[in-house]
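Each chain, letter by letter, is given below.
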Amino acid sequence: MQRIGVFVCHCGSNIAATVDVKRVALAMLSENGVVFADDYQYMCSESGQLKIAQAVKEHNLTGLVICSCSPRMHEATFRKAAEKAGINPYMVEIANIREQCSWIHKDIEQATQKAIILARAAVAKVNLNSPLIAGKSPVKKRALVIGGGIAGIQTALDIADAGFEVDIVEKTPSIGGKMSQLDKTFPTLDCSACILTPKMVDCAAHEKITIFTYSEVENVSGFVGNFTVDIKKKARYVDSAKCTGCGLCQEKCPSKKALSEFNCGLSNRSAIYTPFAQAVPNVPVIDPLQCIKLKTGKCGLCEKVCAANAIDYTQKDEIITREYGAIVVATGFDVINLDNYDEYAYSQSKDVITSLELERIMNAAGPTKGHLERMSDGKAPKNIVFVQCVGSRCADNKGKSYCSKICCMYTAKHAMLIRDKYPDVNVSVFYIDVRTPGKNFDEFYRRAVEEYGVNYIKGQVGKVTPEPDGSLTVHGVDLIDGRQVKISADMVVLAAAIEPNASVRQLATQLTASIDTNNFLTEAHPKLRPVESPTAGVFLSGVCQGPKDIPETVSQAGAAAAKVIGLLAKNELTTNPCTAHSDELLCNGCSACANVCPYGAISYQDKEVNDHGIRETRRIAMVNTALCQGCGACTVTCPSGAMDLNGFSNKQIIAEVDAICR
Amino acid sequence: MALKYSYYPGCTLKNKAKSLDITARKCASALGFELEEIENWQCCGGVYPLGSDEIATKLSSVRALDYAKSKSQKLVTLCSACHHVIKRVNDDMKNVPDTRMRANNYLKLDTPYCGETQVLHYLEVLRDEIGFDNIAKAVKNPLKGVKIGAYYGCMLLRPSKIMEFDNPENPQIMEDFIKALGAQSVIFPYRNECCGGHVALKSPESAQKLSGKVTRSAEGFGADMLITACPLCLYNLNKNSQSDIPVYYFTELLAKALGIDSEE
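Top to bottom, those sequences are chains A and B. With numbering that gives the first Met the number 0, letter number 346 in the first sequence gets 345, and the count goes up by one each step, no holes. With numbering that gives the first Met the number 0, letter number 93 in the second sequence gets 92, and the count goes up by one each step, no holes.
Hints in this document: simulated from the structure, not taken from any laboratory. It is possible that part of the hints are untrue.
What the hints assert, rightly or not - In the DSS-like style, the derived pairs of lysine-lysine whose C-alpha atoms are separated by at most 27 Å in a straight line are: (1) Lys17(B) to Lys73(B); (2) Lys183(A) to Lys420(A); (3) Lys349(A) to Lys17(B); (4) Lys399(A) to Lys160(B); (5) Lys146(B) to Lys349(A); (6) Lys397(A) to Lys93(B); (7) Lys485(A) to Lys208(B); (8) Lys13(B) to Lys68(B); (9) Lys183(A) to Lys349(A); (10) Lys420(A) to Lys404(A); (11) Lys212(B) to Lys485(A); (12) Lys349(A) to Lys315(A); (13) Lys135(A) to Lys569(A); (14) Lys70(B) to Lys17(B); (15) Lys160(B) to Lys462(A); (16) Lys462(A) to Lys208(B); (17) Lys198(A) to Lys233(A); (18) Lys485(A) to Lys183(A); (19) Lys139(B) to Lys255(B); (20) Lys378(A) to Lys183(A); (21) Lys462(A) to Lys212(B); (22) Lys212(B) to Lys381(A); (23) Lys70(B) to Lys3(B); (24) Lys349(A) to Lys212(B); (25) Lys201(B) to Lys485(A); (26) Lys93(B) to Lys70(B); (27) Lys139(A) to Lys207(A); (28) Lys397(A) to Lys160(B); (29) Lys25(B) to Lys178(B); (30) Lys146(B) to Lys462(A); (31) Lys255(B) to Lys208(B); (32) Lys139(A) to Lys231(A); (33) Lys170(A) to Lys135(A).
Based on the provided sequences and hints, a complete structural model is requested.
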């Protein structure tokens, strides 16, 4: 028999103004098992907690019911208070009489009745509670960062600087990501490569960081503190240990027709290539779809010219298995496919380009060596039109519903840079709104308008028509003048929306991390836990969580690193004891529970059972308590009632319902 | 057995656009399908009524659609305007309960019509039911070296979610048709823009301006001729665009390529 104490909180006037707290306390005294009941102004305060401790001592209490705010708010507080007072923390139940009662009701009589019912249910549950002991699991002191862009690089550096080992897995041949493709960064206009390259080099040089480029995550198992990850290292056909990065193979390679991914397809590259000059590691890969030797068996020129004997055509994909305590997703973004936007003639004219393509054209290492040229005929453009929000802020399912956030600023940057370098070029920008919140951002945009004379037109573009003379006519609307405008341009730049990298869907499944309808990874709490995934041990860094610019990405990357460091600094983790378990006599091994388990915590074992004297081997569900998050999906799915959840047993829940319906 | 379709010719195909009707029927039998003209069809009205409370002007379409339903046939059209009106009315009958109820109340059919009939444009029959590859095989006089601009106009493509004809910004069906005839298609950006035919009488200047853009763009990109499915576009481009570029119905070229004598 339990000895239960009930504590009713006033929460100032939050509860007491709508619920007659004294009546609630009094009513509880007649409930089964209740030996003490009281009310107090602020139960969560130090003196409130002291009251609880005193009552426990004086009345020899074995269980507590706190009638207060939501358990999300103070369950942990009261569990700690109980533990201090010598009661198992899982003997505490919260009756939420604030969010679910006083805040939403006006009538005192009705609210008081409801509070009494809620408290009664909590008492009924505590009567069936039993002490639970949290387990411990050790922490592997190494982190995995998936994605080697600026987000992944910053996270890895911060974790490594704190003294923990970090692996970066990057699917392309070099780390650097999208930032390495950018020419200048807003609002300071410093050269992107100049600030990124040193960080890439730091990563490569750091004794705590291991970089796996041209590699992908193949499989993830385990749980927070104890992940096991298979990494697929794709065949490079070049021995990284031998290669000196001299570049002779790339010079001599006769297959030079492949489109350069780094230059957005605007230039060609050889079959053996490093994506860009500052690549880390500076070790080329052979593209097997382009290599003459790998396709036909003839050629082998790169092998002949390689003084270091680094070329190895027989290399195979390799799986490396490593263990990690924490995983950071930093998979970044891509520009959307523009197939749905044929009105802008992107597929019909080479002179309609995306902003990322313009970055490459403006870059000294780009396809035009930094000269502003039309991709169709190499002529210098005289009139350039920028179109904002291509695929962003879209009301129907043609594009994305969200704002891509970075386009207003980079378009202002492009417009300003062009006007600065080529003052005789006319630049117009069509926009829906100009959104420039951020330090020194609005000043930057105003400089583009006021000092550099960029022609901003509020309105959207309906169509871009290529003309027989090679020019482009931009048909748009000027909403402020209330008229249609037609601009003859020789180059049109589309600020295409950004979307999460396509690989993120599969990765989210492997990590059991949730994603939203736009494929952005979901954070554990949008305000209070923005860099953690709801799955314990998985953290988010950069645009995979939502559109953001470089400064924001770097901040988030650091925040994710701090969370990882906090986790890796622990030697062991306390596990949640509210996990599921199956009754081996009731379980029929049907797999229904395993099919609904979002955490992959349920497996099956052939086990010998003694069913009332009959000994036989049966297939029985087993719960890995380290993986189980206690969501309860299996307990409601199990057709034979074999699955039960510690702390939320079927019996306890029925008792609560009975108490409510009494 | 030959494929049979309920055929809605529309008024224009009975006088000004006779050749569209005649060549279409002849090509159909050459390609192994039959157009059975709907009995007692009435004018579609030419313009889809946007007023949601407008019922009377939609009834002729519903009668034609219900006729096809009674024959268990798909309904085929040729004229862009008829196709546009009938397809959209059919969508209303399927998806707008109020229009469906009121139209059925007027017509008092044995069983209410609820948008069951599938409406196809003749080009869709060629693409989806016959197949452009089979048409290419049936071609006797390939139109080698002829550069043809496909002029879609506005009514076949939009509203795209209801017409479901092709990508409204970058359509391919007529280009694929041109290629099947052995000719070369010329893509020009005004192929899916309005020619101004609807204001040909009311505002000839506007019609001239709009149709002139279409023909200039087509000529600029090297088209020798234009093809269309729309009698009004053909009329307007010939009369108002101030260009000599010939404009044909697509079925006229199909007949020529198939080696059919299109004279009656």
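Cross-check of the supplied hints:
Among the hinted pairs, Lys17(B) with Lys73(B) is consistent with the structure: their alpha-carbon atoms are about 22 Å apart, no more than 27 Å. For the hint linking Lys183(A) to Lys420(A), the alpha-carbon distance of about 13 Å falls within 27 Å, and the restraint holds. Of the pairs offered as hints, the one joining Lys349(A) and Lys17(B) is violated, with about 43 Å between alpha carbons and a cut-off of 27 Å exceeded. For a cut-off of 27 Å, the pair hint linking Lys399(A) to Lys160(B) stands: about 18 Å separates their Cα positions.
A C-alpha spacing of about 23 Å is found between Lys146(B) and Lys349(A), which places the hinted pair at or below 27 Å, so the restraint holds. For the hint pairing Lys397(A) with Lys93(B), the CA-to-CA distance comes to about 24 Å; that is within 27 Å, so the pair holds. Of the pairs offered as hints, the one joining Lys485(A) and Lys208(B) holds, with about 15 Å between alpha carbons and a cut-off of 27 Å not exceeded. Of the pairs offered as hints, the one joining Lys13(B) and Lys68(B) holds, with about 24 Å between alpha carbons and a cut-off of 27 Å not exceeded.
At most 27 Å may separate the alpha-carbon atoms for a hinted pair to count; Lys183(A) and Lys349(A) meet this at roughly 23 Å. Our distance criterion of 27 Å between C-alpha atoms is met by Lys420(A) and Lys404(A), whose separation comes to about 26 Å. Of the pairs offered as hints, the one joining Lys212(B) and Lys485(A) holds, with about 14 Å between alpha carbons and a cut-off of 27 Å not exceeded. Distance hint between Lys349(A) and Lys315(A) is unfulfilled; the C-alpha atoms sit about 38 Å from each other, more than 27 Å.
The straight-line distance between the Cα atoms of Lys135(A) and Lys569(A) is roughly 11 Å, inside the 27 Å bound, and the hint therefore holds. The hinted pair formed by Lys70(B) and Lys17(B) meets the criterion: a straight-line CA distance of about 26 Å does not exceed 27 Å. The suggested pairing of Lys160(B) with Lys462(A) holds, with an alpha-carbon distance near 19 Å, which does not exceed 27 Å. For the hint pairing Lys462(A) with Lys208(B), the CA-to-CA distance comes to about 18 Å; that is within 27 Å, so the pair holds.
About 25 Å separates the Cα atoms of Lys198(A) and Lys233(A), which keeps this hinted pair within 27 Å; it holds. Taking the CA atoms of Lys485(A) and Lys183(A), the gap is near 31 Å; set against the 27 Å cutoff, the hint is violated. The suggested pairing of Lys139(B) with Lys255(B) holds, with an alpha-carbon distance near 9 Å, which does not exceed 27 Å. The hinted pair formed by Lys378(A) and Lys183(A) meets the criterion: a straight-line CA distance of about 23 Å does not exceed 27 Å.
Under the criterion of a C-alpha separation no larger than 27 Å, the hint pairing Lys462(A) with Lys212(B) is consistent with the structure, at around 14 Å. With a C-alpha separation of about 24 Å, the suggested pair Lys212(B) and Lys381(A) falls inside the 27 Å cut-off, and the hint holds. Of the supplied pair hints, the one linking Lys70(B) and Lys3(B) holds, its CA atoms being roughly 10 Å apart against a limit of 27 Å. Using a Cα cut-off of 27 Å, the hinted pair Lys349(A) and Lys212(B) holds, with the two alpha carbons roughly 22 Å apart.
This hinted pair checks out: Lys201(B) and Lys485(A) have alpha carbons roughly 25 Å apart, not beyond 27 Å. At roughly 19 Å between alpha-carbon atoms, Lys93(B) and Lys70(B) fall within 27 Å of each other, so this suggested pair holds. Of the supplied pair hints, the one linking Lys139(A) and Lys207(A) holds, its CA atoms being roughly 15 Å apart against a limit of 27 Å. Between Lys397(A) and Lys160(B), the direct Cα distance comes to roughly 11 Å. Compliance with the 27 Å bound is thereby established for this hinted pair.
Distance hint between Lys25(B) and Lys178(B) is fulfilled; the C-alpha atoms sit about 21 Å from each other, no more than 27 Å. For the proposed pair Lys146(B) and Lys462(A), the alpha carbon gap of about 25 Å is at most 27 Å, so the pair holds. Restraint check for Lys255(B) and Lys208(B): not satisfied, since their Cα atoms lie roughly 32 Å apart, outside the 27 Å limit. Using a Cα cut-off of 27 Å, the hinted pair Lys139(A) and Lys231(A) holds, with the two alpha carbons roughly 21 Å apart.
Our distance criterion of 27 Å between C-alpha atoms is broken by Lys170(A) and Lys135(A), whose separation comes to about 35 Å.
Hint violations for this structure: numbers 3, 12, 18, 31 and 33, all remaining hints satisfied.
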